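A.B. asks: Sequence:
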Amino acid sequence: MNKIGDIIYKIEEFVRKVFYKAFRESVIKCSFGSCGKNVHIAEKSDIKGNANIFIGNNVAIGPRSLLWTTGAKIFIKDKVIVGPGLSIITGDHKIDIVGKYMADVTMDEKDKEDDQDVTIEKDVWIGANVTILKGVTIAEGCVIGGGAVVTKSTKPYGIYVGIPAKYCRSRFSEEEIMEHKKRLKIRK
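The number in the working numbering is simply the position in the sequence shown, starting from 1, with 157 added.
No lab work stands behind these hints: they were computed from the structure. Values in this document were obtained by computation on a predicted structure and should not be read as measured data. Accuracy of the hints is not assured; some may be wrong.
Derived pair list, reagent style DSS-like, types lysine-lysine, alpha-carbon separation capped at 25 angstroms [what the hints assert, rightly or not]: (1) 205 / 251; (2) 291 / 267; (3) 234 / 251; (4) 201 / 234; (5) 201 / 230; (6) 291 / 236; (7) 205 / 167; (8) 178 / 201; (9) 269 / 257; (10) 167 / 178; (11) 267 / 205; (12) 312 / 236; (13) 205 / 174; (14) 230 / 267.
Estimated spans, in silico, between C-beta atoms of each pair [unchecked claim]: (15) 179 / 225: 24 to 32 angstroms; (16) 249 / 336: 37 to 45 angstroms; (17) 215 / 313: 13 to 21 angstroms; (18) 333 / 265: 43 to 51 angstroms; (19) 319 / 255: 34 to 42 angstroms; (20) 265 / 338: 40 to 48 angstroms; (21) 249 / 319: 19 to 27 angstroms; (22) 235 / 177: 22 to 30 angstroms; (23) 208 / 285: 25 to 33 angstroms; (24) 200 / 266: 33 to 41 angstroms; (25) 170 / 268: 22 to 30 angstroms; (26) 253 / 336: 44 to 52 angstroms.
We put the CB at the ideal spot given by N, CA and C, even for glycine.
Starting from the given sequences, assemble the full structure and let the hints guide the process.
C.D. replies: Written out as C-alpha cells, the structure reads:
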C-alpha cells in the first residue's frame, strides 16, 4: 500500500509543479512592475503589491518567500539568488494615532517614512529564512547568511550574518574586487 501511495504522491507533485511553472509563475511575473529574463519565483511564495516589484535578469527566489509592499517598491537587480523563506516587508503600521486602532489606519494617514523601498543590487546571495526590512539596500556582491534580519543597508561584497545582521567579513580583498569586476565586464 505504501508503494501505491508513494506513486500517487509523486504524480500529484509532478502535476502541481507543471501547473505552477506553466501558469501561476507566468501570471505572477506578468503582474510585476517589470520582470527580466530567466526569473524563477518558487512555489508557495506570498506576493503583495506586485506592481511595485521590479526584478532584473537571472533571478531565482526560493520557495515560501514573502514579498509585501504597498506604498514603497522592491527592486531586485540581476544575478540574485535567494534561498527559501525570504521575507521583504517595505512598510510599518502607523502606531501613534491616539483614539484609533492600528488596524484601522489608512495609507493616507501614514507618514512617508512608514514605507520605504528595498533594493537588492546585482550579484547577491541571500540565504534561507532571511528578513529584509524597509529602507534597506543590499549592496552589490553581498552574501546574507541564513536566518539574518537585515535592518540596515550593507556595503559591497560584504558577508552579513545574525540578528540584527552584522558585517562578518568581505568576500574579496580590494584587489580581488577590482579583478572580479574587470572579469565580469569581459564576460559581457
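A.B. asks: If you test the structure against every hint from before, which numbers come out violated?
C.D. replies: Per hint list: 3, 7, 25 violated.
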